[in-house]
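Kindly produce the complete structure, drawing on both the sequences and the hints.
Protein chains: 2
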Amino acid sequence: MTSSTPPELTLDLIRSAAAGLAGVAHHTPTVRSRTLDAQVSAEVLVKCESFQRGGSFKFRGAYTYVAAHLDEVRQRGVCTVSSGNHAQAVAITARNLGLRCAVLMPHDAPAAKLEATRSYGAQVEQYDRFSMPQAQAGAAFAERTGLTMVPAYNHPLIAAGAGTAVLEVAGQSSAVDVLLAPIGGGGLISGCGTAVKALSPTATVIGVEAAASAVTQRSLRAGQRVEIELTPHLADGQMLTTPGSWTFGIMQRVVDDVVLVTDDEIRAAMRFLFDRMKLVVEPSGAAACAALLAGKVDVAGQRVAVIVSGGNIGVDRFGDLMTEEASAAVRGVPRPHLR
Amino acid sequence: MTSSTPPELTLDLIRSAAAGLAGVAHHTPTVRSRTLDAQVSAEVLVKCESFQRGGSFKFRGAYTYVAAHLDEVRQRGVCTVSSGNHAQAVAITARNLGLRCAVLMPHDAPAAKLEATRSYGAQVEQYDRFSMPQAQAGAAFAERTGLTMVPAYNHPLIAAGAGTAVLEVAGQSSAVDVLLAPIGGGGLISGCGTAVKALSPTATVIGVEAAASAVTQRSLRAGQRVEIELTPHLADGQMLTTPGSWTFGIMQRVVDDVVLVTDDEIRAAMRFLFDRMKLVVEPSGAAACAALLAGKVDVAGQRVAVIVSGGNIGVDRFGDLMTEEASAAVRGVPRPHLR
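Residue numbers (numbering that gives the first Met the number 0), protein chains in the order written: chain A, 0 to 338; chain B, 0 to 338.
It cannot be assumed that every hint is accurate.
Partial selection, computed: residues in chain A whose CB lies under 8 Å from chain B [said to hold, decoys possible]: (1) Leu20; (2) Val23; (3) Asp274; (4) Lys277; (5) Leu278; (6) Gly318; (7) Met321.
Chain A is nowhere near these chain B residues, computed Cβ spacing over 10 Å in every case [stated by the list, open to error]: (8) Pro5; (9) Glu7; (10) Gly22; (11) His25; (12) Arg52; (13) Gln125; (14) Phe129; (15) Met148; (16) Leu166; (17) Arg220; (18) Ile227; (19) Glu324.
Quick caveat, the hints were computed from the structure, so don't treat them as lab data.
Because the structure is a prediction, the values reported are computed rather than measured.
C-beta: ideal position from N, C-alpha, C; glycine also.
What follows is the structure, given as structure tokens:
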């Protein structure tokens, strides 16, 4: 398989990705909380990709893509452009397969993610994402380095890898009625949404994005990809000027609705996940839970799978965000666990 | 079965406890970290009882004990005395089985544990643990309330329940060479140690306690239970004046060694578990990992099970401890993940 003939994203492709990941990726835990269930009157299955290798779901797609292009990348090595989680995923994949690796990361990427990516052996360069679109910066980087670019989301193999997370949830229970997943570039929800709908055609797939961006919600409503200016917000894993050209078509097919969460709602969800579920979750990783806890989706009586997409937040940044969260609570932003 | 004829602690009793807990307690995840494995040159299986109901391993024992005494407690209700985790476990058990419940907690128990215990429907009273031994305070409390006391650790059914955690680790892998578990009253290590040695007679069982206490280490070396004055330290789940009268005999049989960890080492382990493994762990829950990370036990080349016994620490207290940890790092206490 070469990059010139991308496969179609189907349940079979996702199952084949799962076979390739067996023994390489972690089968991450799905955890439950009676407090959460009671609060939303539903049966909630929290799929914890925070425990995936590299601390997020990204490894599933990166490894799947690179393993499918081994002949090409063995000579050239790999590179990518990413705010952090995909960078770590590509770096771990490269180390695993013995490949050269370089990564272009935004200058405002969290220090913990920069450090982690370097620790996996990748060479790291930085750029200003507020002055240059990611795609353009990435293309120039690949050109200059001569390395094979591993896409962060905009490819069927990346989405198929990400979709394997939902197969693991399905393996532990009967079909889910609702899937809630954060939307960044759209790879995660394309893969998971395709798998969920193939397994249970009546299931509802809800994407969650930052209210400060809302680019996917607006694009889906417009029936075409719109472009926005980037404004800084908390969920650094969900910061794009436009949906992926390929993922957008998939999302048009499998995403039933997109709901929005504020930074305050994300911080409150992070506190809930820590206090009540003992989970370390980064802001974009908490977006889907935030939508649930803030009542953005009515799931009463349903079986709901929620993807916690990553946990890459250092102790110190977490502490800063929780201090802000305490201030938000004083301003009157409700804490879900105090309802 | 009545409290007057306690059963013998055997692998069969632990298996029978596991059968009773099926569908009631969580089968908690066992997680791995390549960083941790590399650091100690071993295969480390981290059993996360932080994800157990009530946030610690305690539910396993409390439910096992109460379910075995249903005839008696259905009329009278239950009570206990505990710094927090056992209190929550008894409260959840009582709510599950529809029993009255009152709990005596030390006045310095963390606010999160007091609040959580109340939230499960238990009536909470407080006492000063530095002026009155726990056993004496508990006996007076049971006498006054007329409720049946659920022991926190000093009973075969409590230990058998706790020991079920290790059966779940064993179910996921071949036998372990080393078990590392924190020691408070001794119920956890009695149950887990008994199970591990029954499954693999050559396995080594290492207990970990706070250096500020060391009461079990000193008692085992003396061949009899010694008494100490309580001094405040970080691991509030490991604060006793003397080992349990019954658990001590079991520990003499199954515990090969006891190692000590300082508050600084516990804080550093909590940071490592958060940053690198995305786990929320309370101080006593991190003690066994702290011993591993601080190099108190040589496990090179071994398959090691480490019990993370609980995760009941609120965001705010966690933040305070991590601020102290950062100061300790400045003082020169090595951070395990920076080695």
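Here's how the hints hold up against the structure:
1. Leu20: violated (15 Å)
2. Val23: violated (12 Å)
3. Asp274: holds (6 Å)
4. Lys277: Interface hint status for lysine 277/A: holds (4 Å vs cutoff 8 Å).
5. Leu278: Check passed: Cβ of leucine 278/A comes within 7 Å of chain B, closer than 8 Å.
6. Gly318: holds (5 Å)
7. Met321: holds (5 Å)
8. Pro5: Given a closest Cβ separation of 31 Å, the condition holds.
9. Glu7: holds (34 Å)
10. Gly22: holds (12 Å)
11. His25: Violated, because the least Cβ-Cβ distance between histidine 25/B and chain A comes to about 7 Å, which does not exceed 10 Å.
12. Arg52: With a cut-off of 10 Å, arginine 52/B comes too close to chain A, as the shortest Cβ separation is near 8 Å.
13. Gln125: It holds; glutamine 125/B is separated from chain A by about 21 Å at its closest Cβ, greater than 10 Å.
14. Phe129: The assertion about phenylalanine 129/B holds, with a minimum of 28 Å to chain A.
15. Met148: Answer for methionine 148/B: holds, closest chain A Cβ roughly 26 Å.
16. Leu166: Given that every Cβ of chain A is farther than 10 Å from that of leucine 166/B, nearest at about 18 Å, it holds.
17. Arg220: Nearest chain A Cβ is 35 Å from arginine 220/B, so the label holds.
18. Ile227: holds (31 Å)
19. Glu324: violated (8 Å)
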